[in-house]
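Novice: Now for the letters of each chain:
Number of protein chains: 2
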Amino acid sequence: MPSDMPPERPTERLPDRRAGILQLVIQDYIETATPVASRHVVEKYALPASPATIRHEMHALEEQGYLTHPHTSAGRIPSNRGYRHFVQSLMGHAELGMAEQASVRHQFFQAAPAVDEWVELAANVLARSLGLLVIVAPPHPERLRVRQLELIALNELLVLMIVVVQEARMIRQLMPLPQPVEVDELADLAAKLSGDLRGRSARDVRQAAQHSTDAPQHTVEAVVLETLAQVLERDAQRAGIPAIAGLGGMMAQPEFQHEPERSLELIELVDQHAAQDLIPAAVIDDFTMGGAMHVLIGDDHPTELLQECSLVLAPYGSSIPDPAAPEIPGYVGIIGPTRMNYPRSIAAARFYSQLLQEMIDAVYGVNR
Amino acid sequence: MPSDMPPERPTERLPDRRAGILQLVIQDYIETATPVASRHVVEKYALPASPATIRHEMHALEEQGYLTHPHTSAGRIPSNRGYRHFVQSLMGHAELGMAEQASVRHQFFQAAPAVDEWVELAANVLARSLGLLVIVAPPHPERLRVRQLELIALNELLVLMIVVVQEARMIRQLMPLPQPVEVDELADLAAKLSGDLRGRSARDVRQAAQHSTDAPQHTVEAVVLETLAQVLERDAQRAGIPAIAGLGGMMAQPEFQHEPERSLELIELVDQHAAQDLIPAAVIDDFTMGGAMHVLIGDDHPTELLQECSLVLAPYGSSIPDPAAPEIPGYVGIIGPTRMNYPRSIAAARFYSQLLQEMIDAVYGVNR
DNA sequence: GTTAGCACTCTCAGTGGGAGAGTGCTAACT
DNA sequence: AGTTAGCACTCTCCCACTGAGAGTGCTAAC
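As they're listed, the protein sequences go chains X and A.
Per the working numbering, the first sequence starts with residue 1, numbered consecutively.
Per the working numbering, the second sequence starts with residue 1001, numbered consecutively.
Among the hints, a few may not be true.
[As the list claims (entries may be wrong)] Taking CB as the label site, the calculated pair distances span:
hint, chain 1, residue 1, chain 2, residue 2, range
1, X, Ser89, A, Leu1158, 35 to 45 angstroms
2, A, Gln1354, X, Glu182, 27 to 37 angstroms
3, A, Gln1210, X, Met289, 52 to 62 angstroms
[Said to hold, decoys possible] Some chain X residues near chain A, calculated using beta-carbon distances under 7 angstroms:
hint, residue
4, Ala112
5, Gln173
6, Leu247
[Said to hold, decoys possible] Just a few of them, taken from the derived set where beta-carbon distance is under 7 angstroms, the chain A residues facing chain X:
hint, residue
7, Ala1112
8, Pro1113
9, Gln1173
10, Leu1174
11, Pro1176
12, Leu1247
13, Gly1248
14, Met1251
15, Ile1267
16, Glu1268
17, Asp1271
These are calculated hints, taken from the structure and not from any lab test.
No residue lacks a Cβ here, since even glycine has one placed at the ideal position from N, Cα and C.
My request is simple: use the sequences and hints to build the entire structure.
Specialist: Listed below in structure tokens is the structure:
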């Protein structure tokens, strides 16, 4: 019932004791996943006050919107607002332990020096260590521009198109032809297009296709241009495909134990690699503008299914940006129940994103 | 209770009517996932007999081990034996519809011409069309042999190792050194090892490392050899990593609705890409020996979790084998509840495995 | 060999009650 | 004014119970 909630006044200042109790309640709930009772918190943390007093404070915290309880005779649960306050003001700054940092670094040096490998590795290791869903995306070029085009006839009606792009990638694409073509003719076409299209992106190619081709649709040239444009778009997309791991740990979290439908929805999103539903586009856009780490709590999230989850997101990318080849930053994303361990998750997201950035700079930065 | 089951006599011949009833029961159960009652089958299929008669036959089928029922007053369910008989003798031969075949072919031609892409695509499309778990593995070389070795110093203590192998792949590996090394020294080492190790596999490299190096452990050469061996093994593994898709559809199957623990186990296997637990090693070995399509039903499966599932497996590989470079075949695997649609699954596994083989031969066969 | 009839068994959904857990409130205490 | 004990009240959770419904197995007649 969000309408009952008092408006959030970010300047509002909690008395020290009340803030302390809020912190204890949140920490305890993060740890135990059960509503925390006044008596429980007094005994566990040996507070110098009686349950009744704590109850009083909890009541006040509830009126201010930091806590709720699921039903009359249950303990308190943090509200989204409570979590937000915890993250912003209460929890302090944490780092991963040195031993863990060293062990993770070691694993990265064991891996093959390719961004895709690192991304995969980061997702797996992080998911295992947190027991949450982890999504790691590589930084990738915003658009690809043609450097060279080759057309190799496999037989009369089947051509292998090879596109070398300026962003240091090579794309191969199998392409059926609308009509048989001579080998020479094909080579000429490739040479011509290679010259015409150097430095052009998918959009340019589309425009060229519409303008230059007189005979519409089915000429060989039209088919080649259309395929080329498609391929450029697709490969720019593909370069940014994120790794997702940790579904097992996530589904083992108590909040999913008794909610088969919600579980199933989430499984389907992951099964379909639907990163666009898991990570809000607005945040990615913000990263591209130079934004920093994000923490989205509860109903901040646009995907309904994830409105009872939180998302910790840390961007990274090559630290030596090339203005001629704009890049969409990569990110380390951690999705968990709103009850997730924020200090640890935030520290981990920060550490892994920095590590990925270091790795990229160390290995790819050298070649520049 | 497998001990109560009569021994399987494969020569046993079912009377026609009884076999027909078995077929109807199995088809109906595959369709509805609810135990099928005598009355139900009579009405639905307009049988020229009364429920009591059918009941009589069902009773006989149960005594022969083809059917069971979950409790006294429930309808009949096929036993594993029943499914096996259905697959072997009752169900006949099915093919995918022409429209579906064409649509799938089209999607494959749209994709980039790389085995990894096809494998990924096959898993996704097939999973979506069946609503089951699909695992597709590419064929891959049994072992990799060194063709050439390069060592590129990134800084004094960090080297990028590049291995070109005879199986037409390139491997890159970042490698920290135990002690600073001059650039020239490194080049000499690379040249020497390149000569010594040409044509050698991971095992050979390991042996070379043990014999040749006098100073144990920490010489640069020892580190390089050890890393090289690791890298060869790892990359041979990685080349065969299968694509897995369809977890969502699988978890939506009714048999998983009320079994959260079993669901969770399966989710974890998939989350960890544990193909070795999903596909029995014995079957893969058999493929390597030239085996054909397999159907494993129920407790045929070595992984306990999957003993209430069935597995349809179709191998494929380049049809032009090269004896100098032995290859582990790829496969199309379909995992579902024992209640899965066998005719369709088997037809699909056959079609996709043949298609993958065609694709590989068409694009890679040309270069030979 | 087939069928109708009927008793029997088992599941499933819904109900009710008792135990337990925690709160909210009030009145007394410091 | 803040803190505390005491107590009534509420809600969940678990368990046992029940009746309806579904299907079978058996028997006796066709």
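Novice: Against this structure, judge whether each hint is valid.
Specialist: We went through each hint and held it up to the structure:
1. Taking 35 to 45 angstroms as the suggested C-beta distance range, the pair Ser89(X) and Leu1158(A) conforms, at roughly 42 angstroms.
2. At roughly 32 angstroms, the beta-carbon separation of Gln1354(A) and Glu182(X) lies within the given 27 to 37 angstroms, and the hint holds.
3. For Gln1210(A) paired with Met289(X), a C-beta distance near 56 angstroms keeps the hint of 52 to 62 angstroms intact.
4. Using the Cβ-Cβ criterion of 7 angstroms, the hint placing Ala112(X) at the interface with chain A is satisfied: the shortest such distance is roughly 6 angstroms.
5. The beta carbon of Gln173(X) is positioned within 7 angstroms of a beta carbon in chain A (closest approach about 6 angstroms), and the interface hint is therefore held.
6. Satisfaction of the interface hint for Leu247(X) is found here, the shortest Cβ-Cβ separation to chain A being roughly 5 angstroms, below the 7 angstroms cut-off.
7. The beta carbon of Ala1112(A) comes within 6 angstroms of a beta carbon in chain X, closer than 7 angstroms, and the hint placing it at the interface holds.
8. Using the Cβ-Cβ criterion of 7 angstroms, the hint placing Pro1113(A) at the interface with chain X is satisfied: the shortest such distance is roughly 4 angstroms.
9. Interface restraint check: Gln1173(A) against chain X, minimum CB-CB distance 6 angstroms, threshold 7 angstroms, status holds.
10. Of the supplied interface hints, the one on Leu1174(A) holds, with its beta-carbon coming within about 4 angstroms of a beta-carbon of chain X, less than 7 angstroms.
11. Below 7 angstroms, beta-carbon pairs count as interface contacts, and Pro1176(A) has one with chain X at about 6 angstroms; its hint therefore holds.
12. Because the smallest distance between the Cβ of Leu1247(A) and any Cβ of chain X comes to about 5 angstroms, under 7 angstroms, the interface hint for this residue holds.
13. Among the interface hints, the one on Gly1248(A) holds; its C-beta lies about 4 angstroms from the nearest C-beta in chain X, closer than the 7 angstroms criterion.
14. Annotation: Met1251(A) was flagged as interfacial toward chain X, and the flag holds, the nearest CB pair being 5 angstroms apart, inside 7 angstroms.
15. Contact between Ile1267(A) and chain X, as hinted, is supported at the beta carbon level, the nearest pair being about 5 angstroms apart and thus within 7 angstroms.
16. Hint status for Glu1268(A) relative to chain X: holds, with the closest Cβ pair at about 4 angstroms, below 7 angstroms.
17. Taking 7 angstroms as the C-beta contact cut-off toward chain X, the hint placing Asp1271(A) at the interface holds, the least distance being around 4 angstroms.
Comparing the model with each numbered hint stated earlier shows that all of them hold.
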